[in-house]
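*Asks:* The listed protein sequences derive, respectively, from chains A and B.
Position 47 (the first sequence) corresponds to 46 in numbering that gives the first Met the number 0; numbering is contiguous.
Position 704 (the second sequence) corresponds to 703 in numbering that gives the first Met the number 0; numbering is contiguous.
In case anyone wonders, no lab produced these hints; they're calculated from the structure.
Virtual Cβ for every residue (Gly too), placed ideally from N, Cα, C.
Among these hints, one or two may not hold up.
[Unchecked claim] Beta-carbon label-pair distances, calculated as ranges: (1) A:R39 with B:G86: 47 to 55 Å; (2) B:F198 with A:N27: 41 to 49 Å; (3) A:Q29 with B:L745: 37 to 45 Å; (4) B:F198 with A:W5: 20 to 28 Å; (5) B:P219 with A:P2: 20 to 28 Å; (6) A:N27 with B:V348: 49 to 57 Å.
[Claimed, not checked] Stretch-level coverage of chain A by chain B, calculated; a stretch enters the list once three of its residues show a Cβ under 8 Å from a Cβ in chain B: (7) 5-16; (8) 19-31.
[As the list claims (entries may be wrong)] Just a sample of chain B residues kept apart from chain A, beta carbon distances all over 12 Å, derived: (9) A40; (10) R126; (11) R230; (12) S234; (13) H238; (14) G336; (15) D420; (16) L526; (17) D582; (18) A662.
Spelled out, the chains give:
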Amino acid sequence: MTPILWLIALSVFLGAGGLVLFLWASKNGQYEDMDGAAQRILFDDERKK
Amino acid sequence: MSGAALADAERGDLPASGTACAHCGGATAPGQCFCCTGCGAAFETIQGLGLGNYYRDVVRDTLARRLQPSGKPRTDLTRHIRTAADGSHELTLAVDGLQCGACVWLIESVLAREPRVTAARVNMTTRRLRLAWRGDVGGAADLVGRIEQLGYRLVPFDPDCLAAARDEKGRELLLALAVAGFASANVMLPAIAIWIGLFSDMGPGTRALLHWVSAAIAMPAILFAVRPFWRSAWSALRHGRTNMDVPISIGVTLVTGMSLVQTINHADHAYFDSAVALLFFLLIGRVLDHYARAHARAAAEQLIALQQTDVGVIEADGTVARRDAAAVPAGARVLVGPGERIGVDGEVVQGESLLDTALVTGESLPVAAGPGTRVFAGTLNLGAPLTLRATATGGATLLAECVRLMDAAEARRSRFVAFADRVARRYAPVVHVAALATFLWWWGVQGMAVADALLIAAAVLIITCPCALALAVPAVQVIGTGYLFRRGVLVKSPTALERLAEIDTVVFDKTGTLTDPALQLASAHDLETLRLAASLAATSRHPLSRALAAAAGPVVPAEGVREEVGAGLAWGAVRLGSAAYTDADATATTPALYLSRPGAATVRFDFSERLRPEAAATIAALRAMGLGVELLSGDRDAAVALAAGEAGIDTWRAACSPVGKVAAIEALRDQGRRVLMVGDGLNDGPCLAAAHVSISPSTAAEISQNVADVVFQGASLAPVADTIRTARRMRRLCQENIALSLAYNLLMVPVAVAGYVTPWLAALAMSTSSLLVMGNSFRLRRNRPGDAR
Numbered sequence: 000m001t002p003i004l005w006l007i008a009l010s011v012f013l014g015a016g017g018l019v020l021f022l023w024a025s026k027n028g029q030y031e032d033m034d035g036a037a038q039r040i041l042f043d044d045e046r047k048k
Numbered sequence: 000m001s002g003a004a005l006a007d008a009e010r011g012d013l014p015a016s017g018t019a020c021a022h023c024g025g026a027t028a029p030g031q032c033f034c035c036t037g038c039g040a041a042f043e044t045i046q047g048l049g050l051g052n053y054y055r056d057v058v059r060d061t062l063a064r065r066l067q068p069s070g071k072p073r074t075d076l077t078r079h080i081r082t083a084a085d086g087s088h089e090l091t092l093a094v095d096g097l098q099c100g101a102c103v104w105l106i107e108s109v110l111a112r113e114p115r116v117t118a119a120r121v122n123m124t125t126r127r128l129r130l131a132w133r134g135d136v137g138g139a140a141d142l143v144g145r146i147e148q149l150g151y152r153l154v155p156f157d158p159d160c161l162a163a164a165r166d167e168k169g170r171e172l173l174l175a176l177a178v179a180g181f182a183s184a185n186v187m188l189p190a191i192a193i194w195i196g197l198f199s200d201m202g203p204g205t206r207a208l209l210h211w212v213s214a215a216i217a218m219p220a221i222l223f224a225v226r227p228f229w230r231s232a233w234s235a236l237r238h239g240r241t242n243m244d245v246p247i248s249i250g251v252t253l254v255t256g257m258s259l260v261q262t263i264n265h266a267d268h269a270y271f272d273s274a275v276a277l278l279f280f281l282l283i284g285r286v287l288d289h290y291a292r293a294h295a296r297a298a299a300e301q302l303i304a305l306q307q308t309d310v311g312v313i314e315a316d317g318t319v320a321r322r323d324a325a326a327v328p329a330g331a332r333v334l335v336g337p338g339e340r341i342g343v344d345g346e347v348v349q350g351e352s353l354l355d356t357a358l359v360t361g362e363s364l365p366v367a368a369g370p371g372t373r374v375f376a377g378t379l380n381l382g383a384p385l386t387l388r389a390t391a392t393g394g395a396t397l398l399a400e401c402v403r404l405m406d407a408a409e410a411r412r413s414r415f416v417a418f419a420d421r422v423a424r425r426y427a428p429v430v431h432v433a434a435l436a437t438f439l440w441w442w443g444v445q446g447m448a449v450a451d452a453l454l455i456a457a458a459v460l461i462i463t464c465p466c467a468l469a470l471a472v473p474a475v476q477v478i479g480t481g482y483l484f485r486r487g488v489l490v491k492s493p494t495a496l497e498r499l500a501e502i503d504t505v506v507f508d509k510t511g512t513l514t515d516p517a518l519q520l521a522s523a524h525d526l527e528t529l530r531l532a533a534s535l536a537a538t539s540r541h542p543l544s545r546a547l548a549a550a551a552g553p554v555v556p557a558e559g560v561r562e563e564v565g566a567g568l569a570w571g572a573v574r575l576g577s578a579a580y581t582d583a584d585a586t587a588t589t590p591a592l593y594l595s596r597p598g599a600a601t602v603r604f605d606f607s608e609r610l611r612p613e614a615a616a617t618i619a620a621l622r623a624m625g626l627g628v629e630l631l632s633g634d635r636d637a638a639v640a641l642a643a644g645e646a647g648i649d650t651w652r653a654a655c656s657p658v659g660k661v662a663a664i665e666a667l668r669d670q671g672r673r674v675l676m677v678g679d680g681l682n683d684g685p686c687l688a689a690a691h692v693s694i695s696p697s698t699a700a701e702i703s704q705n706v707a708d709v710v711f712q713g714a715s716l717a718p719v720a721d722t723i724r725t726a727r728r729m730r731r732l733c734q735e736n737i738a739l740s741l742a743y744n745l746l747m748v749p750v751a752v753a754g755y756v757t758p759w760l761a762a763l764a765m766s767t768s769s770l771l772v773m774g775n776s777f778r779l780r781r782n783r784p785g786d787a788r
C-alpha cells in the first residue's frame with residue numbers, strides 16, 4: 000500500500016509542475032506571437048546577449 | 000503569409016526581375032536600381048549597418064504596403080509615451096509594411112544598434128512594435144524616424160486603449176482551461192486503475208482510497224474551472240432566459256456533489272473524471288471561440304490605427320503644430336498641404352484647390368474648393384495649400400448625418416441570433432426535461448434511493464451536455480477565420496460569416512469598391528506626345544495628371560511648370576489641361592485632358608475608371624453562386640453605366656444620396672432579400688449598417704471600416720467571392736458537426752436514462768464525439784477544386 004501512495008503523490012506533483020510551467024509561460028507572454036516565433040529561428044541574431 | 004505572396008508572384012503581379020527596385024521591389028525606370036531616392040537611401044542605410052542579408056531573406060507580401068519611404072509628416076508621439084518610475088520610456092506602435100519574418104529581424108536589429116534602446120520587439124501576429132528606451136523622451140522621434148526611413152510606417156497606439164484591450168476574459172478562460180486540463184489528465188490515473196479494478200480483484204479499501212485521491216485532485220479544479228459557466232448561467236437565468244450553460248453548470252455541480260457523497264459512502268462509482276473532462280472539452284471550445292474573436296478585433300484595431308491622421312494646426316504665433324484630429328478645438332485654423340488628407344470638418348478661409356472627395360461622396364472626379372467651401376474629414380487635397388477653420392463635429396456636418404443614419408439603420412436591423420445559440424435555445428429545455436423525468440422515474444416510480452436516482456439524472460445531464468455541441472461551431476469558426484486571415488480578409492464580427500452564408504443579393508458601391516481608386520488612360524498616343532504630356536503631368540497631383548504620368552512610365556518631370564488650380568498646367572507655350580484652358584473644343588464625354596503646343600494640333604487624352612482586378616470575374620462567380628448583383632452609386636449616370644457594363648451588372652442606380660442608398664437597401668430587405676453590401680465611402684456607411692452583412696476594402700473611409708463586418712486587403716475584388724464561398728462551406732460543416740453530436744446524443748441518452756452509463760463509458764463517449772467533431776472541422780483546411788483562386 001505504501002508504494003502506491005508514494006507514486007500517486009509523485010505523479011500529482013509532476014503534473015502540478017507542468018501546470019505551473021504552463022502558467023508561467025502564459026503569463027510571460029510566450030503565446031502572444033505564434034507567427035513570429037515560427038519565423039524568428041530562421042534569422043541569425045548577431046547581437047550576443 | 001509567404002505562401003500567398005508566392006502564389007501571387009506566380010500569377011505575375013510582381014515585376015520581372017531586373018526592373019524591380021532593389022529596396023522595395025516596385026517598378027523602376029530602365030537602367031535604374033531604385034524607384035526613388037528614398038529607397039536608395041534606405042538601401043544604403045541597411046548595407047551600411049551590415050544588415051544586407053535582409054534582401055536575401057525577404058519574401059515580399061503582395062497584400063502588404065510596398066516598403067517605400069513616404070516622407071509624410073509624422074504624428075505627434077509624446078502623448079502616447081508612458082514613462083516608468085525608473086526613467087525608462089515605453090511606446091507601442093502599429094507597424095505598416097511588414098513583409099515577412101525578415102522585416103521583424105531588420106527592425107529589431109536596427110533598433111538593437113542603439114545603446115539607449117532597452118527593448119524592441121515586433122509582434123508579428125498583431126503587427127505591433129513595443130519600444131522601450133532610456134534617456135530623453137524626445138528620443139522616440141529619432142528612433143521611430145530610423146525605422147520609417149526604411150519604408151515602414153509606424154503609428155502610435157493610445158496607451159489607454161491598450162490597457163482597455165488587455166484581455167481579462169481570455170486570461171481567465173485560459174487559466175481555467177489549464178487547470179481543467181491538468182486535473183483531467185491526473186484524475187485519469189486513478190480512474191483507469193478503478194475501471195480495471197472493477198473487472199479484477201481490487202479491494203473496496205483500495206477503491207475508496209483511489210476515489211479520495213480523485214476527489215482531492217478534481218474538486219478544487221472543478222470549483223475553479225466551472226466559474227465562467229456558472230456566471231453565464233446565472234446571468235441568463237436572472238434575465239429569465241436559459242442557455243446551454245445552465246444544464247452544464249447544474250450537471251457538473253450535481254455530478255461532483257453526488258460523486259463526493261458516493262465516495263464517502265464507499266460506493267462503486269464516482270464520476271469525478273467525467274466532470275473534469277467535460278469542463279476541459281467545453282473550455283477548449285470557449286477558448287477557441289474567444290481567441291478567434293480577439294484576433295479579428297485586434298486586426299481591425301490595427302487597420303483603424305493606421306488610418307488615423309494628424310492635423311497641422313496654426314498656432315497664435317503663426318507656427319504650425321501637428322496634433323491629433325480629436326484634439327483640434329472648433330474654430331482652430333488648420334493648414335492642409337498638397338496631397339494631404341483633411342482630418343477635420345471645416346470651412347475654407349484661404350486658398351484655392353481641388354479636392355478628391357471619392358471617399359466621402361463617391362464622386363470620381365475632383366471638385367474645386369475656395370474660400371467659403373465646406374470640406375469634410377476624409378477628403379484629399381490635390382492642389383495648393385488650404386487654410387481651414389475647423390467646425391465642431393455634430394450638427395449639420397456630413398459625418399454627423401452619416402453617423403445618425405447609421406445608428407438608425409442598425410437599430411432597425413433585426414437582431415441576428417448565432418446558429419449555435421439557436422440550437423442551444425431549443426435544446427437546453429429538452430435536456431432539463433429529460434434529466435428531471437429520469438429522476439422522477441427512478442425515484443418516484445421505481446422507488447430508488449434519492450442519491451442513486453440523482454446520480455442517474457446527473458449522468459443524463461453529463462451525456463446530453465454535449466461537449467461536441469460546444470465544440471462544433473467554435474472549431475469551424477477558428478479554422479475558417481484563420482484561413483481567411485491568411486488571405487488578407489479580416490472578420491470583425493463573430494456572426495458575420497454565418498450571415499454571409501445566408502445572403503442572396505450583393506450590392507456594390509462603384510467608386511473605390513468596384514473600381515480602382517485611380518483612373519487610367521484610355522486613348523492611344525504616339526510615344527513622343529505621351530512623354531511630353533507626362534513630363535508636365537508628373538508635376539501635378541490631379542488624378543488625371545497622375546493617370547497620364549503612370550501610363551507613360553517613369554519620366555523626368557519638366558522644370559518650371561506652372562499649375563493653375565482647376566484649369567491646367569503650363570510649361571512655356573505648352574499647355575495641358577481642360578478644354579477651356581487649352582482653347583480646344585470640349586468634345587469628350589468622359590474625363591479628358593487636352594495638350595496644346597505651338598505648331599501641332601491639340602491632342603485629347605481620354606481617361607476611364609478602371610475596374611479592380613478580377614472584378615468582372617468576381618461578379619460572374621457571384622452569379623454562378625446564384626446571387627443577384629446590383630450597383631448603387633453616388634456618381635454621375637454615365638460613369639456608373641460604363642462601370643456597370645464593364646463589370647457585367649444589369650441592375651444599377653446612379654446619383655444616390657446616402658439616404659437614397661439606405662432606402663434602396665431597405666426596399667430590397669422588405670422584399671425578403673438578404674443583402675450583402677460591399678462599399679468603401681463615408682456615404683456608404685449607413686447602408687453598410689442597414690444591410691444584412693457588409694464588406695469593405697481596407698482602402699475604405701475609417702467610419703465604413705468601423706461598421707463593416709468584414710474588411711479585405713489588396714487590390715483584387717476576388718476576396719469577396721472567396722469569403723462568401725468559405726462562409727458557405729463553414730455553414731455546411733457547422734451543420735454537419737451539430738448533426739453528428741445530436742446523433743451521438745440520440746444514441747447515448749437511452750443508455751443514460753436506463754442507468755447503464757458507468758464512468759468509463761461516459762469518458763469514452765465524450766472523447767470520441769469531441770474528436771469526431773474536431774476532425775470534421777479540419778476538413779475546412781483542405782482545398783477543394785472549386786476554391787482555386
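*Asks:* Which constraints among the numbered hints does this structure fail? Numbers only, ascending.
*Replies:* Checked against the structure, the hints that fail are numbers 1, 10, while the rest are satisfied.
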